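Whenever a hint applies, use it, and build me the whole structure from the sequences.
Sequential numbering of the sequence shown, starting at 5, is according to my numbering.
Hints are not guaranteed to be accurate.
To be verified - Pair ranges (Cβ atoms, derived):
1) P17 to N66: 32 to 38 Å
2) P55 to Q75: 16 to 22 Å
3) A92 to P55: 31 to 37 Å
4) G90 to R62: 29 to 35 Å
5) A92 to A28: 18 to 24 Å
6) P17 to Q54: 16 to 22 Å
7) Q88 to G58: 15 to 21 Å
8) G100 to P55: 23 to 29 Å
Honestly, the hints are just simulated from the structure, not real lab data.
Values in this document were obtained by computation on a predicted structure and should not be read as measured data.
For every residue, glycine included, the Cβ atom is placed at its ideal position computed from N, Cα and C.
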Amino acid sequence: MTVLAPTPVNAGPCSAEIDSLQAAVDARIDTTAGVGRTGRESTAATAHRQPTPGSIARAEENLGEGVSYEQVLAALTQARAADQAGDATSCERALGVARSAMER
Numbered sequence: 005m006t007v008l009a010p011t012p013v014n015a016g017p018c019s020a021e022i023d024s025l026q027a028a029v030d031a032r033i034d035t036t037a038g039v040g041r042t043g044r045e046s047t048a049a050t051a052h053r054q055p056t057p058g059s060i061a062r063a064e065e066n067l068g069e070g071v072s073y074e075q076v077l078a079a080l081t082q083a084r085a086a087d088q089a090g091d092a093t094s095c096e097r098a099l100g101v102a103r104s105a106m107e108r
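Right under this line is the structure:
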C-alpha cells in the first residue's frame with residue numbers, strides 16, 4: 005500500500021497581498037462591466053471560451069469605461085513573478101504600481 009503525503013506549498017513573501025488585490029481588481033472589473041454600455045459580441049466570445057479578467061478589462065477600455073486595467077494586471081503579473089522568486093522588495097514595488105494604477 006502506498007501512502008501519499010501532501011507536500012507543502014511555499015507561499016511567497018506577499019502571496020496574500022497579491023490574492024487580496026487580485027480579488028479587488030476582479031470585483032472592480034465585474035462592477036464596471038455590469039453598469040456600463042454594452043459592446044458587440046466578438047467571434048472569440050462565441051468560441052466556447054470563458055472571459056478572463058484581462059479580456060473583460062480590455063473590452064471595458066475599448067468602450068472608454070473604467071481605469072486602465074492593463075497596467076494593473078501587468079503589475080500583478082510582475083508581483084507574482086517576484087513573489088515566486090522570494091523577492092519581497094520587488095513584489096511590494098509591483099503591488100504599489102498596481103494599487104496606484106487602480107486609483108486612476
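Status of each hint after checking the structure:
no., hint, verdict
1, P17 to N66: 32 to 38 Å, "36 Å, holds"
2, P55 to Q75: 16 to 22 Å, "19 Å, holds"
3, A92 to P55: 31 to 37 Å, "32 Å, holds"
4, G90 to R62: 29 to 35 Å, "31 Å, holds"
5, A92 to A28: 18 to 24 Å, "20 Å, holds"
6, P17 to Q54: 16 to 22 Å, "31 Å, violated"
7, Q88 to G58: 15 to 21 Å, "19 Å, holds"
8, G100 to P55: 23 to 29 Å, "28 Å, holds"
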